[in-house]
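Protein chains in written order, with my numbering: chain A, 587 to 890; chain B, 88 to 410; chain C, 3 to 453.
Worth double-checking, as some hints may not be accurate.
The list that follows gives simulated cross-link-like pairs (lysine to aspartate or glutamate, EDC-like), each with its CA atoms no further than 16 Å apart [claimed, not checked]: (1) A:K705 / A:D787; (2) C:K315 / A:E782; (3) A:K705 / B:D360; (4) C:K431 / B:D313; (5) C:K431 / B:D271; (6) C:K394 / C:D444; (7) C:K261 / C:D437; (8) C:K395 / C:D243; (9) C:K279 / B:E407.
Please keep in mind that the hints were generated in silico from the structure rather than gathered at the bench.
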Amino acid sequence: MTAVTVPRAVAATGSARRRRRPSGRVMLNVAVIAIMVVWLLPTFGLLVNSVRPAQAVASSGWWNALLPPYSFTIENYQQVLSRGGISQAFVNSLLITIPSTIIPIAVAAFAAYAFSWMKFRGRDVLFVVIVGLLVIPLQTTFVPLLNLLGPKGIHLLGAGPGAFVAVWLAHTGYGLPFAIYLLRNYMGGLPREVFESASIDGAGHATAFFRLALPMSVPAIAALVIFQFLFVWNDLLVALMFIGAANAPNLPLTMAVASLATSLGGDWQLLMAAAFISMALPLIVFFALQRYFVRGITGGAVKG
Amino acid sequence: MDPRLVTALIVVVGVPATVIGYVFVVEQILRLVPSRLQASVRPWLWLLPALLFLFVFLVYPTLNTVILSFEDKFSKAFVGLNNYNYFFTSPDTLVSLRNNIIWLVVLTFLAVGGGLIIAILVDRVRYESVAKSVVFVPLAISFVGASIIWRFVYDYQPPGHAQTGLLNAGITALGFQPITWIQDAPLNTIALIVVAVWTWTGFCMVILSAALKGISAELLEAARVDGANEVQVFRKITFPLLLPTVAVVATTMIITALKAFDIVYVMTSGNYDTNVIANQMYKELFTNSQPGRASAIAVILLLLIIPVMVINIRRFREQEAIR
Amino acid sequence: MEERTFRWRRTAGFLAAIALATAACSSPGGSTAPAASTGGGGASAPAASGGAAGSGSLGGTVSVIGTWTGAEQDSFLAMVAPWEAQTGAKVQYTGTRDINAVLSTGVQSGLLPDLAGLPGPGQMAEYYKGGALKALDDVLDVTTYKSETSPGLVALGTLDSKITGIFIKADIKGLFWFNKDVYKGGDPTTYDDLLAKGKETAGTIGGDAKTFCVGLESGAATGWPATDWIEGFVLHQSGPDVYDKWTAGQQKWSTPEIKQAFEAFGNVIANSFGGSKNVLATNFVASGDHLFSSPPGCVFVNHATFITDAFKKTGGAKDGQFDFFPFPDINTSFAGAVEGSGDLFGMFNDTPQAKSLIAYLSTAQAQSIWVGRGGALSANKSVTNYPSEILKKAAGDLAAAKIFRFDASDNMPQAMNDAFFKGIVTYTKDPSTLDTVLTNLDAAQTAAYGG
Chain A
587 MTAVTVPRAV AATGSARRRR RPSGRVMLNV AVIAIMVVWL LPTFGLLVNS
637 VRPAQAVASS GWWNALLPPY SFTIENYQQV LSRGGISQAF VNSLLITIPS
687 TIIPIAVAAF AAYAFSWMKF RGRDVLFVVI VGLLVIPLQT TFVPLLNLLG
737 PKGIHLLGAG PGAFVAVWLA HTGYGLPFAI YLLRNYMGGL PREVFESASI
787 DGAGHATAFF RLALPMSVPA IAALVIFQFL FVWNDLLVAL MFIGAANAPN
837 LPLTMAVASL ATSLGGDWQL LMAAAFISMA LPLIVFFALQ RYFVRGITGG
887 AVKG
Chain B
88 MDPRLVTALI VVVGVPATVI GYVFVVEQIL RLVPSRLQAS VRPWLWLLPA
138 LLFLFVFLVY PTLNTVILSF EDKFSKAFVG LNNYNYFFTS PDTLVSLRNN
188 IIWLVVLTFL AVGGGLIIAI LVDRVRYESV AKSVVFVPLA ISFVGASIIW
238 RFVYDYQPPG HAQTGLLNAG ITALGFQPIT WIQDAPLNTI ALIVVAVWTW
288 TGFCMVILSA ALKGISAELL EAARVDGANE VQVFRKITFP LLLPTVAVVA
338 TTMIITALKA FDIVYVMTSG NYDTNVIANQ MYKELFTNSQ PGRASAIAVI
388 LLLLIIPVMV INIRRFREQE AIR
Chain C
3 MEERTFRWRR TAGFLAAIAL ATAACSSPGG STAPAASTGG GGASAPAASG
53 GAAGSGSLGG TVSVIGTWTG AEQDSFLAMV APWEAQTGAK VQYTGTRDIN
103 AVLSTGVQSG LLPDLAGLPG PGQMAEYYKG GALKALDDVL DVTTYKSETS
153 PGLVALGTLD SKITGIFIKA DIKGLFWFNK DVYKGGDPTT YDDLLAKGKE
203 TAGTIGGDAK TFCVGLESGA ATGWPATDWI EGFVLHQSGP DVYDKWTAGQ
253 QKWSTPEIKQ AFEAFGNVIA NSFGGSKNVL ATNFVASGDH LFSSPPGCVF
303 VNHATFITDA FKKTGGAKDG QFDFFPFPDI NTSFAGAVEG SGDLFGMFND
353 TPQAKSLIAY LSTAQAQSIW VGRGGALSAN KSVTNYPSEI LKKAAGDLAA
403 AKIFRFDASD NMPQAMNDAF FKGIVTYTKD PSTLDTVLTN LDAAQTAAYG
453 G
């Protein structure tokens with residue numbers, strides 16, 4: 587569905603940049619760099635502490651490590667990576683996350699198009715009810731859903747190749763309200779003339795959806811992919827419920843990470859290393875999708 | 088080969104293909120429908136897959152929750168409004184409601200405002216992608232990681248001893264006494280919200296930035312050529328065009344604030360006047376084995392969101408009228 | 003061109019629909035197979051019904067969830083390894099702190115592990131009465147189990163004269179740890195003696211050193227370390243009868259006996275390094291670090307044996323640098339009273355594998371494995387292979403207890419336990435709130451034991 591050629595970034599802001607006063611540019615850069623420093627500082631502290639000996643972490647602030655004498659160790663990382671089951675859990679996380687990202691967005695795109703460009707009775711009310719579903723605390727849905735999908739219901743939970751089906755479906759259901767909300771907002775904001783002229787040319791809704799709405803919504807879809815990926819990747823509770831705590835070989839990375847420290851809180855320094863290991867992939871996804879946040883997609887699609 | 092991998096591959100390829108196929112099937116079916124009915128049938132067929140998922144995974148459990156909220160702790164006897172009555176008479180509740188309002192105002196304002204400012208600023212620098220990634224990083228960190236990160240910011244040691252927390256190291260270097268950021272009300276609620284702002288600003292920024300990129304470059308350029316300065320371009324063109332998206336992220340942040348749980352649960356467990364209603368709900372559900380009370384709290388959350396939804400309806404009607 | 007793309011897409015959609023249908027068919031198949039929880043496919047071997055360990059080749063799997071993670075998880079897996087080798091069955095273990103959420107939703111949906119660590123005797127009773135938990139009388143070698151386990155622990159795992167839970171390991175609470183280089187005053191004879199000696203030693207250290215170090219921060223369970231303090235006071239001030247009534251919800255919190263215990267803890271806070279602010283801000287794992295700092299911040303830390311791990315890791319202590327003495331007497335009529343705790347374990351699905359495994363776990367052979375790896379005391383009296391002098395001494399104290407009582411808060415209903423934590427935090431922050439705190443705890447008691 588994303589087999590759409592995306593026009594490259596148009597360097598449209600270039601001329602505006604060149605025109606700006608030099609003092610303004612300095613201010614801008616100072617502001618942006620200040621924001622970056624503020625945002626990065628807490629995480630940087632954790633990064634530094636994750637390579638310090640436990641006793642040093644407990645007795646002095648991380649900034650002390652930046653001054654000599656240096657004493658760094660990669661022991662935490664070695665311990666985390668050498669623990670059994672981490673690579674299996676990583677694979678599980680991928681197997682859980684990828685379908686759980688693709689399914690809701692595919693389903694949401696149609697719904698969002700219908701909400702944006704079709705007229706029907708009760709449209710706004712239905713839409714707002716869907717958005718209102720965002721506020722439902724997931725914890726309250728577990729028991730009814732487990733009754734429905736579990737041994738008392740349709741037996742969708744358990745081991746074997748189908749181990750992930752329930753968790754994919756659950757993440758789809760949970761992720762849909764936001765996906766529909768965001769996509770409908772974006773698609774609804776696309777210029778009406780584009781769709782009207784397509785309609786005059788004899789294009790049906792299917793063509794308008796695949797040829798116009800979808801390619802023009804690429805930035806919003808990219809944003810959604812990032813968030814849904816993140817939400818599922820970092821989820822522990824939904825996986826624990828819908829894969830089942832008793833189904834150990836199929837549990838995700840978050841589970842493996844959570845079981846690094848002892849129940850009484852010992853070895854918590856391993857969690858520092860694990861935090862960095864588990865955030866690597868979401869960051870790669872973010873970087874990879876960055877290029878779809880480009881100006882000019884709207885114009886490009888209309889012209890093409 | 089891992090059979091789960093095979094299933095996953097089938098799903099990854101199959102689901103989008105099925106969904107695409109579904110639309111073509113729908114369009115074929117619609118040809119059989121009398122053309123005057125097509126327009127009223129089509130939207131429902133397009134919505135059907137989404138509505139099915141939503142019904143099974145959210146609406147059905149919610150109806151269940153509503154019923155439970157009128158029943159006792161064993162989910163057997165009908166107890167009328169007792170669970171609601173409990174919520175409004177329990178001493179913790181007023182504090183929780185107050186805190187949720189503080190969360191709602193502060194988180195929404197700072198995360199949306201911050202996200203908007205950052206999206207606009209980084210749009211103008213050459214290292215935009217790096218700058219955005221930096222603000223995005225907190226979202227990629229699980230909340231267990233985040234709680235450790237902020238422990239190193241808010242940590243406290245008695246006066247006269249080396250501070251291990253960044254903030255206390257800063258203020259003691261300036262000659263002040265160290266502060267127990269997490270324990271002292273009302274500052275502690277703000278300290279917790281700061282963690283949430285740090286996390287969610289990246290979320291607002293990404294969505295607003297995507298919307299910002301959707302604004303046609305020609306339009307902005309034309310305004311500049313006509314002599315508008317950057318502030319005018321922002322006020323007259325950029326902001327009005329971003330407004331619907333600002334409303335979306337603001338709504339999402341309001342809901343996030345109402346559901347705020349993880350940070351409070353991990354960092355204070357609701358102690359020191361920092362409790363929030365979602366934490367109360369979790370306790371009733373899993374600690375106190377009171378599904379009725381927990382369900383009542385969930386229903387109250389649903390009711391609290393209604394005003395926000397009404398505003399959303401109005402906005403959509405307006406948007407419909409002008410576009 | 004356009005026509006071709008559309009035709010291709012239609013074909014792809016069709017193929018995908020078939021593929022999906024196949025997937026949909028195969029997935030429930032995968033789960034209705036033995037898989038669902040027990041994986042007992044090859045398990046039908048009838049040989050195993052007796053349940054005792056080592057009854058030949060069983061195959062299949064047992065799903066187990068517990069709260070043990072990290073090094074504890076490793077020790078548990080080491081403990082079951084010989085059983086796996088012997089029976090050919092596999093243990094699928096998940097360690098999670100969300101065990102309450104998992105078990106409470108599992109009991110309602112029927113989606114439960116074969117064996118599970120139970121949060122406490124209160125939950126055990128709830129699950130057993132609800133029919134989820136199975137009795138173990140036909141599974142264990144009951145005579146051996148009863149002869150090897152202390153009667154107190156046997157009683158805690160017994161409901162309606164059926165054994166419903168066994169203890170995998172035990173711990174002794176209320177040990178006072180000290181740095182041998184700092185405190186050289188020997189075992190105090192009474193608690194007052196402890197206070198006097200502590201004050202004296204703190205005075206010679208000088209600076210802001212105090213008698214105690216206390217750390218109550220523990221995320222969602224903040225406050226729990228003080229339950230051990232207060233329970234110790236109740237047991238040693240007012241004796242086992244009051245302690246039992248209090249645990250069972252028959253002793254009001256606002257009675258003088260409990261209030262006196264809170265006040266004694268208030269005195270501890272007043273004599274703690276950094277005062278109440280620092281007590282609340284310090285994570286319990288780090289509470290002993292200041293025994294070993296220079297200059298030291300305190301003389302004593304009250305904890306179970308697990309804290310020695312933190313002494314070494316974050317406190318920088320060496321083996322042999324620290325030692326402990328048990329909770330000294332307050333009222334001599336209750337001399338030799340000891341508070342302990344343990345990890346309960348129960349069975350939800352009585353598959354042959356699950357029966358065989360739980361029977362094995364109760365044996366001295368199994369429990370000696372964990373004990374040998376360190377970090378645990380055995381619930382089984384015939385286990386003696388402790389790897390350090392400290393653990394040997396602690397196990398000796400546990401065995402020699404004249405009066406043994408199980409951790410009261412672990413034994414209270416979860417809601418009471420949670421209110422206890424909250425009350426401790428409020429009281430520690432502001433001691434003047436004591437009466438309100440106790441009145442609130444009375445109300446929580448009525449609610450928690452009422453249902």
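Now the hints, each set against the structure:
The suggested pairing of K705 (chain A) with D787 (chain A) is violated, with an alpha-carbon distance near 20 Å, which exceeds 16 Å. Distance check on the hinted pair: K315 (chain C) and E782 (chain A) sit about 70 Å apart at the alpha-carbon level, beyond 16 Å; violated. Of the pairs offered as hints, the one joining K705 (chain A) and D360 (chain B) is violated, with about 49 Å between alpha carbons and a cut-off of 16 Å exceeded. Between the alpha carbons of K431 (chain C) and D313 (chain B) the distance comes to roughly 64 Å, so the proposed pair goes past 16 Å and is violated.
As the CA atoms of K431 (chain C) and D271 (chain B) are separated by approximately 10 Å, the hinted pair is consistent with the 16 Å bound. Taking the CA atoms of K394 (chain C) and D444 (chain C), the gap is near 40 Å; set against the 16 Å cutoff, the hint is violated. At roughly 8 Å between alpha-carbon atoms, K261 (chain C) and D437 (chain C) fall within 16 Å of each other, so this suggested pair holds. Pair hint K395 (chain C) plus D243 (chain C) does not hold up; C-alpha atoms about 27 Å apart against a cutoff of 16 Å.
Straight-line distance between C-alpha atoms of K279 (chain C) and E407 (chain B) comes to about 56 Å, which puts the hinted pair past the 16 Å bound.
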